[in-house]
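Student: Chains as they are written, first to last, in this note's numbering: chain G, 68 to 848; chain Y, 145 to 318.
Check before you lean on any hint, since a few could be wrong.
Chain G side only, calculated, beta carbon under 8 Å to chain Y, not exhaustive [said to hold, decoys possible]:
# : residue
1 : K294
2 : A295
3 : I431
4 : G432
5 : S481
6 : L744
7 : A752
Now the in silico label distances, taken between C-beta atoms and shown as ranges [claimed, not checked]:
#  : chain 1 : residue 1 : chain 2 : residue 2 : range
8  : G       : T695      : Y       : T284      : 15 to 23 Å
9  : G       : K403      : Y       : D277      : 26 to 34 Å
10 : G       : N467      : Y       : P161      : 43 to 51 Å
Treat the hints as calculated values from the structure; they're not laboratory data. In this text, all values refer to a predicted model and were calculated from it rather than measured experimentally. Here a beta-carbon is modelled for each residue, glycine too, at the ideal position from N, C-alpha and C.
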Amino acid sequence: MSHVDFDSTIVVGKAQLSRRGFLAAGGALVVYACLAPRDAFAQAATSTNSLDPTRSLSWIEIRSDNTIQFRTGKCDFGQSSIYIAYPQIIAEELGVPLEAINSIISGDTDRTPDGGGTFGLLRTNVVNLRKVAAYTREAILELAGRRFGVPRDQLTVTAGVVTGAGKSVTYGELVQGQDLKLVIPVRGNATDFSGLVVEGDPPLKSPSTYEIVGKPFKNPNITAKVKAETLWASDVKLPGMWHGRVIHPPTLGSKLVKAGSLDSKKFQDSRLVVQGNFLGVVAPNEWDVIRAAWEVAASTEWTSWKGLPGHERLFDHLREKVDWAALPVMNGAANKGDVAAAMRGSAKIHAAGYEIPYLKHAPIGPSVALADVRADGTVTVHTNTQNPQFLRKGIAIMLNTSIDKVVIRTYAGSGHYGRSNGGNAGAEDQAVLLSKAVGRPVRLQWMRAEDVQWSTQSSAMFSTVRIGLDPNGRVLAYQSDHFGPPMQDDRLVGALLAGLPTMGVPAPKMPAPHQGELLVRDPWVYHHVPNVAEVGHGTPQIGQHESPLQAGLRDHSMRTPIQFQQNFPREVAMSEAAALAGIDALQFRIDQTSEPRIKDILTRLRDASEWRSRPTPSPEAASSGDGTVRGRGVSVIFRDNGFWACGAHVAVTPSTGAVKVERMTLVVDPGIVVNPLQLKRQVEAGCLMGVSIALHEEVTFDEGAVTASDWISYPILKMAEAPEIRVVLVHRPETGVHGQGSETSNALAASAIASAVFDATGKPMRRLPLRPENVKRALSA
Amino acid sequence: MLTITVNGQKRHVASAPETPLLYVLRNELGIMSPKFGCGLAQCGACSVLLDDAEIRSCVTPVSGVANKEVTTVEGLPARWARRHGRAADQGTLHPVQEAWIEQQVPQCGFCQYGMMIKATELLEQNPKPSDEDIKTAFTTSGPSAHLCRCGSYLAILEGVRHAVSLMAKKDGGA
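Only chain Y is shown next, with the shape it has when bound in the complex (with noise of 0.2 Å):
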C-alpha cells in the first residue's frame, strides 16, 4: 500500500499505482477542491501542489507523488501558517482566498481552486509579480494556460495583486 502526504497529513492508499492523483484524492480521501476538468492537462481545474511546483493530477499517477507533498485549496490556510511560523488558526485563510473573495474573482468558480493554486505558486516564487509575470504564469508556465470559461480573467489578475499587498502586509507585520 502506498503513503502519500496531503494537506501534511500522512495518508495510506488502496488505490492502483497508476491510478492518476485526482482520482485518489476525490473518490479515496474526500478531497474535493481539485476538479476533472478535461483529463488532458490541457485546462489546469485539477491543479494541486506537488511540493511547491504546479502539476496536474489528472495525468499525475499517484506512484509519482510518494515522497512528496501534495497541498491542495483544503491545505493552503495551514501551508500559509507553516511557512510563517505559526500554528494553523482555525478559520484563517491563505492571503489568496482571502485575496479572492475581497475581489469577488470567481464567477461559477469551477475553475477557481486550480487558478488558486496557481496563484499560490507563482506567489511563492515570486513575492512582486509584474502583470505581464502574471498573465505569463497563467498562460503559459504550466503544461497548459489555466482556462477560465466565464472569463474571470481580469478578476484574477486584479485577486493577484490584491495577494501580493495582503501577504507584503501580514509578512511585514510578522
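Here chain G stands alone, though its shape is the one from the complex (with noise of 0.2 Å):
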C-alpha cells in the first residue's frame, strides 16, 4: 500500500487538507466547517454550537469502502429535497455514483453542522452543500495528483474513480488506512436564521456537464415509509415515557382562575401540573391522559376575554379599527416613476380591494413531541421541525439555561407547510414543562382541535390596488398597498402560558426576522409598466397586546407567506385591468413584461392548457341561473429564482355559488430542473394545497377564540374535487441555478381560479375562499 506523501497540510482553495493519521483498517476523509478568521471573533459566542471537529460533526464523509455520509441541519417534510435532490446534487458534484452516497443525518441539532432553518433548500443552501461538495473533490483529486504524480489538470473524474498519467484510482482506495481531516471555511453562527455559510469559491461543475442532475431518480425516502420501517416523531418512546395532554384555555386571552380537580385514583400515577396560565396532566397511560384532560378541562376556572373582531367583522376591522400610520411603511423594490401623474394620465382606471383570510397549516397529524428533560438540565426534545436550531434557541430562552443543554432529534413528521409555532408545532415546549415537572421523558401530543386553535396560523391581508391604462390598454402605472401583521410570531406557546421568557415578537426595529413593517415579497415582474408604487403595511397581531396572555391571533409562515398574499391581488387584478382593455388576460401579461422567460411560460400554458384568446368576460357568461357556465384565468410568479404560470378552467353554477376546478395547467421553469419525477409531483399536490386555499379554506373566530375546530369547521379540499392538472416542467441549465418547487404552485392557484370565475360570470371575486356563500354574494354585488 502506497501512501500519499505528504507532512502537514494540502491548501485547497480557503480549505485545508491534513493527515491525522494512520489506521490499520478502513480510512476516511472527513470534511468538517470551521469559521473563518474574521468571523473568529464569533468563535467563543460558537462553542455550544457543536463546531467542535472532536465531535464528529462531518458535512461529509468518504469511506474506504467508497460509501458516502453526508449531514444537513435542514429537515425533509416530504419534498423530497434532502432524500434524493440533495444526494443527486452532492453526488454530481463530488463526481460520484449516486448509490455512493448510501447515509444521510438531518436535522438533529447535536449531529448536524450546518444549523439554520428548513427555507431555500434549493435556492440557498444547495450553494452551500455544493461548494462543501466542490471543495472535497478537489481534496481528493489532489491525494490523487500526489499519489499519480501529475498535476491536477491531468486527471479526471469519472463515477468515483480518478484517472490520469494511465493510472485509476478510487475515492476509497485514497483515503484507504488514513484518517484524513478537511476543513472548510464558514461565516455566520449555526442557530442563527441561516445557519453558516460556507466561504469561497471552489470551481463548480458546469451543469452543461450534469448526469445526474435532471434525472428521475425515485425517493429512497418514500419506500421507507411505505414499507412502514419510517419511525415518525409520534412514534418515539422512550423508557419511563409517560404520556401528557394540556388543558389550553378558552380564549386566546384567558387567565386560570382554578385547576379543575384530577382524581388519580379513577386516573392511576397521574398528576396534574400547573405553572402560570399553563394546565397539564400527565400519566402512565395515554388513553388515561386523554379522559383525565376531558375531566380536569370541565373543572377548571378561566377569566373571560373578548379581544378580537371576530372573522365576520375581520376586514371591517383592519380597514377601520388598525393604526397603519404606527408602523414605517415598506416600499417595494421595483418602484420607480411618478404613479400620481400617471394616474392622472390614464384613459381608464381599474380600482379594487382584495380580501385573503386567516389559514391555517392543519397538518393532518396534530403536533406531538417527546421531551426529556434531566436533573442534570439537559434537555432533549424528539419531534419533527422546521427549524430545529430555533426551536432549541427558544427552549434555551423559556429554562433560562444555556443553548448547549439543550438538543433537538428530528424525525418524519407530518407536513407542516411552514411553521404552525415558533420551533414548529406547538407542544415541544409545553412537553419539555411537562418532563421537567414530572422528572420524566414525556410524549405530549396535542389533539385536534387544539392544533386548530392554539397554534399559529397565516395572517390575513387586505390590499388595494390601482391600475392605470392608457387608450391602447398598455399599463402606465401600478400601485399597490398591502395590510398585515408580518407573520413571524416564533414565540413558544409553552412559554407564554407559563409567563416564562420567549423569544421577541415582530415590532419596530426588531432585527430580521422579527422586523414589524410588512416587507414587499412578491418581486415584480411586468418591466414594461412605467410607473409602480408597491407599498406594505404592517401591524401587531390581532388581540396580541389586547390578550393578557399577550396571544391573540398569532401568525407564522405558510408556504409562500406574505408573497401568496401580495401575489394573489396583483394577478387578480391584472385580469380584471385586462378585461377593462379588452384584451386576452394572458395575452395582456406578455405585453407588460420585458423578462423573455415568463413571456416563454406564458406561451407554453396557452398551448398546454387549451387557451383560446379572447377578452374576459366569456362571451357566454352569466351571473344568476341555474345552468353551468365556464371560465378559465391565468396567473404568473416569480419565486426562489423560478418562473411559474398557472391557468385554471372552471364551472361555475350561479343560482347556487359552487365553483368546480375542471383543470389545472402549471408551467414552471425553475431553472435547472434537478428531479423532474419528484418536481412533478410537488407541483400537483402544491397545486391541490392552492385549490382547497382557494375554495374552502378561512380561519372562523369569535371575539374571544378560534372558533373552528376539527375537519368540519375548517374543511380542506377531498378527492373527488380534485381537478385534471397538467404540469410543463422548463429546463434551463444555462441559468445555472437549482430551482426549487414545493410550495409555489400552492400560491398561483387561487389567483387563476378567482380570475377565471370572474371569466365565466362577469363579476369579480375579491374574496377568498371562493365558498357558494361568498361567491352569491360577489355575484349579486
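Assembling the complex is the task here: the two chains are given apart, and the hints tell you how they should meet.
Tutor: Here's what the structure looks like:
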C-alpha cells in the first residue's frame, strides 16, 4: 500500500486537508466546517454550536469502501429535497455514483454541522452543499495527483474513479488506511436564521456536464415510509415515558382562575401540572391521560376575554380600527416613476380591494413531541420541526439555560407547510414543561382542536390595487398597498402560557426576521410598466396586545408567506385590468413584461392549457341562473429563482354559487430541474393545496377564540374535488440556478381560479375563499 | 384479558376494553402505522381493515374487534400472500404498496397508511374500479373522506390505477 506522501497540510482553495494518522483498517476523508478567521471573534460565542470537530460533526465523509455520508441541519417534510435532490446534487459535484451516498443525517442539532432553518433548500442552502462537495472533490484530486505524480489538470473524474497518467484509483482507495481531515471555512452561526455559509469559491461543475442532476430518480425515503419502516416523531418511545395532555384556555386571552380537580384514583399515577396559565396532565397510559384531561378541563375555571373582531368583521376591523400609521411603510424594490401623475394621465383606471382570510397550516397529524428533561439540566426534544436550531434557542430562552444544554432530534412528521408555531408546531416546549415538572420523559400529543385553535396561522391581509391604462390598453401605472401583520411569531406557546421568557415578537425596530414592518415580498415581473408603487403596511398581530397572555391571533409563515397574500391581489387585478382594456388576460401579461422567460412560460401555458385568446368575460358569461357557465384565468409568479405560470379552467353554477375547478395547468421554469419526477409530484400536490385554499379555507373566530376546531369547521379539499392537472417543466441548465419546487404552485392556484370565475360570470371575485355563500354574494354585487 | 387478532397473530390486550383500538395498537402492541390524526373519524389517518372493511381505529373500542381480524399496513404483504394461497415471502410487498412506491405517491406520507388501507379495501371489493369509483371510495364511502393536506390525491389516483394493473398481472400469473 502506498500512502500519498505529505507532511503537513494541503491547501485546497480556502480549505485545508490534513492527515491525523494512519489506520490499520478502514480509513476516511472527513469534511468539517470551521469559522473563517474574520469571524473568529464569534468563535467563543459559537463554542456551543457543535462546531468542534472532535464532536464528529462531519459534513461529508468518504469511506474506504467507497460509501459516502452527508449531514444537513435542514429537515425534509416530504418535498424529497434532502433524500433525493441533495444526494443527486452532492453526487454530481463530488463525481461519484448516486448509490455511493448511503447515509444521510438530517436536522438533529447535536449531529449536524450547519444549522439554520429549513427554507430555500434548493435556492440558498444548495450553494453551501455544492461548495462543500466541490472542496471535497478537489481535495480528492490533490491526493490522487500526489499519488500519480501528475498535476491537477491532467486528472479526470468518472463515477468515483480518478484517472491520470494512465493510472486510476477510486476515492475509497485514496483514503484507505488513513484518517484524513478537510476543514472548510464558514461564516455565521448554526443557531442563526440562515445557519452557516461556506466561504470561498471552489470550482463548481458546469451544469451542461450534469449526468445525475436532471434525472427522475425515485426517493428512497418514500420506500421506507410505504413499508411502514419509518420512525415518525409520533412513534418515538423512551423507557419510563409517560403521556401528557394540555388543557388550553377557552380563549386566546383567558387566565387560569382555578385548576380543575384530577381523580388520581380513577386515573392511576396521573399528575396535574400547573405553571402560570399552563395546565397539563401526565399519566402512564395515553387513554387515561386523554380522559383525565377532559375531566380536569370540565372543572377548571378561567377568566373570560374578548379582544378579537370576529372573522365576520375582520376586514372592517383591519380597515377602520387598526392604526396603519404606527409602523413605517415599506416600499417595493421595483418602485419607479410617478404613479400619481401617471394615474391622472390614464384613460381608464381599475381600482379594487382584495381580501385573504387567516389560514391554517392544518397538518393531518396534530403537533406531537417527546421531551426528556434530566436532573442535570439537559433537555432532549424528539420532534419534527422546520427549524431545529431556532427551537433549541427558544427552549434555552424559556428555561433560562445555556443553549448547549438543549438537543433537538428530528424525525419524519406530518407536513406543516411552514411553521405553525415558533419551533414548529406547539407541543415541543409544552412537553419540556411537563417533563421538567414530573422528572421523566413525557410525550405530548396535541388533540385536533388544539392544533386548530392554538397553533399559529397564516395572517389575514387586505390590499388595494389601482392600475392605470393608456387608450391602447397598456399599463401606465401600477399601485398596490398591502396591509397585515408580518407573520413571524417565534414565541413558544407553552412559554407564553407559563409566563416564561420567549424570543421577541415582531415589532418596530426589531432585527430581521422579527421586524414588525410588512415587506413587499412579491417580486415585480411586469417590467414594461413605467410607473410602479408597491407599499407594505404592517401592524402587530391582531389581539396580541389586548390579550393578557400576549397571545391573540398569533401568525407564522405558511407556504409562500406574504408573497401569496400580495401576489393574489396583483394577479387578480391584472386580469380585471385586462378585461377593462378588452385584451386577453394571458396576452395582456405578455405585453407588460420584458422578461423572456415569462413570455416563454405564458406561451407554453397557452398551448398546454388549450387557452383560446379572447377578452374576459366569456361571451357566455352569466351571473345568475341554474345553468353552468365556464371560464378560465391565468396567473404568474417569480419565486425562489423560478418563473411559474398557472391556468385554471372552472365551471360555475350561479344559482348555487358552486365552483368546480375542472383543470389546472402549470408551467414551471425553475432553472435547473434537479429531478423531474419529484418536481412534477410537488407541483401537482402544491397546486391542490392551492385549490383547497381557493375554495374552502378560512379560520373562523369569535371575539375571544378560534371557533374552528376540526375538519368540519376547517374543511380542506377532498379527492373527488381534485381537478385534472397538467404540468409542464422547463429545464434551463444555462441559468446555472437550481430551482425550487414545493410551495410555489400553492400560491398560483387561487388567483387563477378567482380570475376564471370572473371570466365565467362577469363578476370579480376579490375575497377568498370561493365558498358558495361568498361567490353568491359577489355575483349579486 | 381481551384477545384480538392483528395481522394474523393472536395478541393479548391488557388495556381497558373501552380503549380505542388505535392506542392499543400503537402503545401496547407496537404496531405504529395507524396514525393519530383527529380522534374524530374525520380524516382516515388511523384506518385499519376489520375483516374486509376499513374502519377508524381512533373511535373503535378494542372490545369491539375481539372476534374479528385487524389488518394494518404492516400486515398487507401477508394478507396478499394468504389470499393468493402463497406463503408470506419476506420482502414482497402488497401490490398497493408496490404501486405507491412505483408512482411515488406520498409527499409527507402521514396520511398514506390510511390511504393504502382504503385502496386495499376498494380493490378487494372491486378489482377494476373506474376513476369515479376510486374518487368515491376515498371521498364518500367511509365515515369521512380520507384527507391529504399535501395534496397527493392525483398521485393516489395513479397509485390505485397502477395497483390494479399489478394485481391483474399477478393474478394472471398465479
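Student: Please go over all the hints and tell whether each is borne out by the structure.
Tutor: Results of checking the hints against the structure:
Nearest Cβ of chain Y to the Cβ of K294/G: about 7 Å, under the 8 Å cut. The hint holds. Evaluation of the A295/G hint against chain Y yields a held restraint, the C-beta minimum of about 4 Å falling below 8 Å. Of the supplied interface hints, the one on I431/G holds, with its beta-carbon coming within about 5 Å of a beta-carbon of chain Y, less than 8 Å. Evaluation of the G432/G hint against chain Y yields a held restraint, the C-beta minimum of about 5 Å falling below 8 Å.
The beta carbon of S481/G is positioned within 8 Å of a beta carbon in chain Y (closest approach about 4 Å), and the interface hint is therefore held. Below 8 Å, beta-carbon pairs count as interface contacts, and L744/G has one with chain Y at about 6 Å; its hint therefore holds. The restraint placing A752/G at the interface with chain Y holds, with a minimum CB-CB distance near 4 Å, inside the 8 Å limit. Separated by about 22 Å at the C-beta atoms, T695/G and T284/Y satisfy the suggested range of 15 to 23 Å.
Taken as a hint, the range 26 to 34 Å is violated for the pair K403/G and D277/Y, whose Cβ atoms sit roughly 56 Å apart. Take N467/G and P161/Y: their Cβ atoms lie about 46 Å apart, and the range 43 to 51 Å holds.
Figure legend: structure checked against the earlier numbered hints; the only hint not met is number 9.
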